[in-house]
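Line by line, the protein sequences are chains A and B. Residues in the first sequence are numbered from 1 upward in steps of one, following the numbering used here. Residues in the second sequence are numbered from 321 upward in steps of one, following the numbering used here.
Treat the hints loosely; a few may be bogus.
According to the in silico footprint, chain A covers these stretches of chain B (three or more CB under 8 Å from chain A) [to be verified]: (1) 450-461; (2) 565-576.
Computed footprint of chain B on chain A; a stretch qualifies when at least three of its residues, placed anywhere within it, have a C-beta under 8 Å from a C-beta of chain B [said to hold, decoys possible]: (3) 71-81; (4) 92-105; (5) 148-161; (6) 199-211; (7) 236-248.
For the record, the hints were derived by calculation from the structure and aren't laboratory data. Ideal Cβ placement from N, Cα and C applies to all residues, glycine included.
In case you want the letters, here they are:
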Amino acid sequence: MKANLVQAINMALSQEMAKDKSIILLGEDIGINGGVFRVTEGLIQRFPNRVFDTPLAESGIVGTSIGLALNGFKPIAEIQFEGFLMPALDQLISHASRIRNRSRGSFIVPLVVRSPFGGGIHALEHHSDSPETYFIHAPGLKVVIPSRPYDAKGLLISAIRDPDPVIFFEPKKIYRAFKEEVPEKEYIIPLGKANTIKQGDDLTIITYGAWVRETLKAIEDSKYSIEVIDLRTLKPLDVKTIINSVSRTGKCIIVHEAPKTLGLASEIIAIINEKALLSLEAPVIRVTGYDSVVPLPKLEDYYMPNVERIKKAIDKVMNF
Amino acid sequence: MPKKIIQKFNIEYLSILDEKGKVDSRLMPKLNNDDIKKMFELMKLTRIFDEKALKLQREGRLGTYASSLGQEAAQIGSAYALEKEDFVFPSFREQGVFLLRGMPIDQYLAYWKGDERGMSYTKNINMFTVTIPVSTQIPHAVGFAWASKIKKESRVTAVYFGDGATSKGDFHEALNFAGVFDVPIIFICQNNQYAISVPFTKQTKAATIAQKAIAYGIYGIRVDGNDIFAMYKATKEALERAKKFKPTLIEAFTYRRADHTTSDDAKHYRIEKELKQWEKKDPIDRLRKYMTIKKIWTKEYEQELDKKFNELMDEEIKKMESIEMPKKEDIVKYVYAELTDNLKEQQDELK
């Protein structure tokens, strides 16, 4: 069927819940209201005893999810907006990510935390952030960000079946931006595998989430042969795909919305430095959010790595 | 329209065994002499364990360690009421609970020496690992109990924490969830009156911790934490209540006679007189007096216990110290179920 990102995620949740009785959903307003973005719409009707509207407490949601996971469940917790994840950071970083290690594998936390993520919808403060770095930095967590409905379904199913805690960020800018064919039948996209969505020889652009689409727009009429890599999983990172591409093209741009300093681009540049430095023909360029708070709607578009900024970066790196 | 009272609350205090060893027979729980001796022996073992562990730490043979001196009844009395299949979340001072439930002593010591492998044994005794950040294990326990309810298991979850924990959000969020979802849980707060150096009176303006249960619609009770019979009875009742999906908060009013851990000196923040007063309320001493009256205690019996437990500990310490070093590669082995590419590289570097 043709589905947008919201529908694809809903399909993945619904199909996995039908298959695996240990899956339960918990979060704020995810029941009768179907979530503030309607991602869980219809699930409480279909699985009445497995979808829980919780009290308004993010740390409590993730903390109790850990306990549910320790006692045989596969909780999928929704945190309403990425900006409200902060109270749950303690439970995620102090516990969910460490329990396997602390107990030498005798306890595990197969938990998925879903959260709408990123800007581009002209929302309030704390509704447009890109906090992926905090989670990427924590040993024991996995981080996934889909860029399209087809991938969202396959990646979420993999995240649900993964035995370790996975943070699944859903770029709200593209929640309903476009539809594509999302098969009803079951399929998975393995975590840790990037997708080379366009092949090219002159330059590699690495990005993820909402910026994949913008990057494709930016290169539509480009005179250069540009390779575009959609990371899909930010942790573990698909280093092979990155290095194979950059070794061949010798040039690289990394695009993300998160602030520049210690954004994922910094780590990718360090890896290129370790594994492909001598292939480089120009410095790697970052097109990212600024090292500032995401502005409120009036200035928000200037913060984002838009098509123009990507085009400018292409000119810069190609004319180095 | 005049103001009127729309809700009224009371907080009960339970004490059964007094400092002279006399019990209130109307409140005394059903326990046979074997049970009582077993409780006494477990408190003795816990105390000897703490003494040995502190000594090892001072000799540089153990890492930072938190003694439970003075809190033996709060731990043994409550844990004795639990059943084997019940699941327990400790904080970091629950030696008594670990020993009662059969934790391998050498492995428990190994953990405090700095060996993660020690914590791989807790699952076998239906316990979770030690949790270091205060209060953070309480929501885990609620989630665990909630899972039992959904699965229709009959087991109950118990979680231990201290007075300091009740200031943190996790405590409040956990009690709130427990109330909202009616989970089979017992919250056991050992109010030992100090969170490192901060006394209970500065931790909260509330007169008791037990009353905090009221705000979450669950039952709360303050118990004489140095009275093993009161702790046992309160926990047994909480267990029955939990089986009906009604959570309980037990405040075990006790006193931490030890330093917070081996890393501080309590003389800096509390007066000697206070400590001396609480020495008089020693939980082991109290039970000994009771057992003497009941004629189930003799000097020889206790001397025999001392000898037995000291020898046991020496043997376990020897075993602990002969555990082979963990492999360096283990540093990265347990981050995920499978090694990721970057961890594979780092493991090779470690080899």
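Hint check results:
no.: 1; hint: 450-461; verdict: holds (count 7)
no.: 2; hint: 565-576; verdict: violated (count 0)
no.: 3; hint: 71-81; verdict: holds (count 4)
no.: 4; hint: 92-105; verdict: holds (count 9)
no.: 5; hint: 148-161; verdict: violated (count 0)
no.: 6; hint: 199-211; verdict: violated (count 0)
no.: 7; hint: 236-248; verdict: holds (count 4)
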